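2 protein chains.
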Amino acid sequence: MGSVRIYGPPFSTAVSRVLACLVEKEVEFQLVPINLAKAQHKSPDFIKLQPFGQVPAFQDDTTTLFESRAICRYICEKYSAMGNAELFGRGGPAERASIDQWLEAESQSFNPPSSALVFQLVFAPRMGLKQDPKAVRDGERRLGSVLDVYERRLGESRFLAGEEFTLADLSHLPNAHYLVNATERGELFTSRKNVGRWWEEISSRPSWKKVVEMHKEAPPTA
Amino acid sequence: MGSVRIYGPPFSTAVSRVLACLVEKEVEFQLVPINLAKAQHKSPDFIKLQPFGQVPAFQDDTTTLFESRAICRYICEKYSAMGNAELFGRGGPAERASIDQWLEAESQSFNPPSSALVFQLVFAPRMGLKQDPKAVRDGERRLGSVLDVYERRLGESRFLAGEEFTLADLSHLPNAHYLVNATERGELFTSRKNVGRWWEEISSRPSWKKVVEMHKEAPPTA
Numbered sequence: 001m002g003s004v005r006i007y008g009p010p011f012s013t014a015v016s017r018v019l020a021c022l023v024e025k026e027v028e029f030q031l032v033p034i035n036l037a038k039a040q041h042k043s044p045d046f047i048k049l050q051p052f053g054q055v056p057a058f059q060d061d062t063t064t065l066f067e068s069r070a071i072c073r074y075i076c077e078k079y080s081a082m083g084n085a086e087l088f089g090r091g092g093p094a095e096r097a098s099i100d101q102w103l104e105a106e107s108q109s110f111n112p113p114s115s116a117l118v119f120q121l122v123f124a125p126r127m128g129l130k131q132d133p134k135a136v137r138d139g140e141r142r143l144g145s146v147l148d149v150y151e152r153r154l155g156e157s158r159f160l161a162g163e164e165f166t167l168a169d170l171s172h173l174p175n176a177h178y179l180v181n182a183t184e185r186g187e188l189f190t191s192r193k194n195v196g197r198w199w200e201e202i203s204s205r206p207s208w209k210k211v212v213e214m215h216k217e218a219p220p221t222a
Numbered sequence: 001m002g003s004v005r006i007y008g009p010p011f012s013t014a015v016s017r018v019l020a021c022l023v024e025k026e027v028e029f030q031l032v033p034i035n036l037a038k039a040q041h042k043s044p045d046f047i048k049l050q051p052f053g054q055v056p057a058f059q060d061d062t063t064t065l066f067e068s069r070a071i072c073r074y075i076c077e078k079y080s081a082m083g084n085a086e087l088f089g090r091g092g093p094a095e096r097a098s099i100d101q102w103l104e105a106e107s108q109s110f111n112p113p114s115s116a117l118v119f120q121l122v123f124a125p126r127m128g129l130k131q132d133p134k135a136v137r138d139g140e141r142r143l144g145s146v147l148d149v150y151e152r153r154l155g156e157s158r159f160l161a162g163e164e165f166t167l168a169d170l171s172h173l174p175n176a177h178y179l180v181n182a183t184e185r186g187e188l189f190t191s192r193k194n195v196g197r198w199w200e201e202i203s204s205r206p207s208w209k210k211v212v213e214m215h216k217e218a219p220p221t222a
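Heads up: the protein sequence lines correspond to chains A and B, in order. Note that the UniProt record's numbering numbers the first sequence so that position 11 is 11, with each residue one more than the last. Note that the UniProt record's numbering numbers the second sequence so that position 139 is 139, with each residue one more than the last.
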């Protein structure tokens with residue numbers, strides 16, 4: 001198990017997604033620091049691991065992977081019996097498909113506006129970049145529409161894919177964490193009854209609390 | 001098998017992605033027309049199938065799904081032995097993960113700029129909307145960078161995930177089809193040696209030709 005390595009800083013939302021999955025699955029891993037401020041993710045050695053020059057990269061023995069959601073799927077398949085064995089479903093194609101569709105909803109509908117807001121409201125100020133007020137307004141409007149759909153869905157089931165916490169819920173944690181805890185836009189989540197209840201439940205999981213602790217140990221300025 | 005239904009017009013890139021998968025897997029299906037010009041995708045009945053009001057929606061007996069890439073994964077799992085049995089891999093977690101990571105590269109890196117270009121250069125003129133020259137320039141620049149990574153990758157292997165045509169390649173067909181055949185930006189693909197060879201090979205598959213025929217039978221004005 002000691003052969004699992006993840007490359008990247010914990011404060012990155014994509015790195016955090018994989019960390020949350022590894023902790024939830026109780027898979028031991030080594031975190032290899034990559035300093036984005038020093039452009040280590042654009043170095044020739046890193047490009048060999050991740051051809052787009054983005055974090056995270058991932059290694060497990062001879063398997064090298066990129067793209068956080070693909071890495072999470074791999075961890076759940078490879079270590080299916082470890083830790084939370086429900087994380088990517090246990091049943092047939094229909095159960096897996098329900099998780100997949102909400103994981104895709106995160107990737108296609110939730111992620112674009114929430115990533116834009118996290119960049120504008122959290123990372124741009126830290127990097128000394130000017131905020132783009134139009135991008136903030138567009139992001140808020142688009143994320144609000146997505147969360148209206150989530151509000152209806154989460155009135156029908158405890159979690160997005162059904163009654164169990166799955167990869168679909170987990171994948172929302174990193175962006176939602178920044179929006180609720182590091183901006184004044186947390187109301188997007190907390191003002192919606194079912195979304196607020198869901199956020200409270202998924203963000204209270206010991207696995208996610210452990211990832212948040214890792215943010216503190218390696219802040220963006222490190 | 002007659003119980004598989006896909007809702008949406010074939011000219012939609014997301015609908016085409018699912019059609020290509022169904023044809024490749026030789027799964028019989030019924031195509032249910034949805035008229036976007038008449039906003040049928042925003043009707044209460046359609047919202048019950050697809051809560052975001054987007055095409056396609058998909059049904060297979062009692063399973064209702066949305067998100068084209070999740071639907072493709074489901075079709076490959078449910079009908080694993082039918083048609084092209086290699087489409088989503090046959091081996092262990094590492095083979096599946098290689099397909100997943102390039103499917104995610106399509107979704108996260110290739111799709112945003114290529115969808116923006118298809119909208120600006122193909123659909124906006126058809127809808128009588130004004131083109132945004134900055135969105136076109138940004139899309140070209142970003143897609144070019146992504147295709148530079150693909151060019152290196154496709155110098156190492158015949159297809160994106162390895163030596164077999166998979167869901168990862170298939171998922172690129174709809175946007176690439178419009179860019180090569182309905183705009184003057186086809187050079188983005190054809191000027192790159194390996195990408196051009198790959199495009200030629202994947203777009204020549206009988207399954208994709210069948211989907212292109214379906215575009216002609218139900219054009220956007222229908």
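Heads up, some of the hints might be wrong.
Pairs involving identical chains hold if they fit within one copy or between any two copies, as the list cannot separate such chains.
Here are the simulated SDA-like pairs of lysine to any residue, each with C-alpha atoms no more than 25 Å apart in a straight line [unchecked claim]:
| # | residue 1 | residue 2 |
| --- | --- | --- |
| 1 | Lys210 | Val136 |
| 2 | Lys78 | Gly162 |
| 3 | Lys134 | Tyr79 |
| 4 | Lys48 | Val146 |
| 5 | Lys38 | Ser204 |
| 6 | Lys209 | Val180 |
| 7 | Lys78 | Glu164 |
| 8 | Lys134 | Ala124 |
| 9 | Lys42 | Val149 |
| 10 | Lys134 | Ser115 |
If you are wondering where the hints come from, they were derived from the structure by calculation, not from laboratory data. Quick caveat, the model's predicted, so the values are computed rather than measured.
Each hint tested on the structure:
no. : hint            : result
1   : Lys210 x Val136 : neither (30 Å within a copy, 43 Å between copies)
2   : Lys78 x Gly162  : both (23 Å within a copy, 20 Å between copies)
3   : Lys134 x Tyr79  : neither (43 Å within a copy, 46 Å between copies)
4   : Lys48 x Val146  : between (36 Å within a copy, 15 Å between copies)
5   : Lys38 x Ser204  : neither (34 Å within a copy, 44 Å between copies)
6   : Lys209 x Val180 : within (14 Å within a copy, 48 Å between copies)
7   : Lys78 x Glu164  : both (20 Å within a copy, 22 Å between copies)
8   : Lys134 x Ala124 : both (14 Å within a copy, 22 Å between copies)
9   : Lys42 x Val149  : between (38 Å within a copy, 13 Å between copies)
10  : Lys134 x Ser115 : both (15 Å within a copy, 21 Å between copies)
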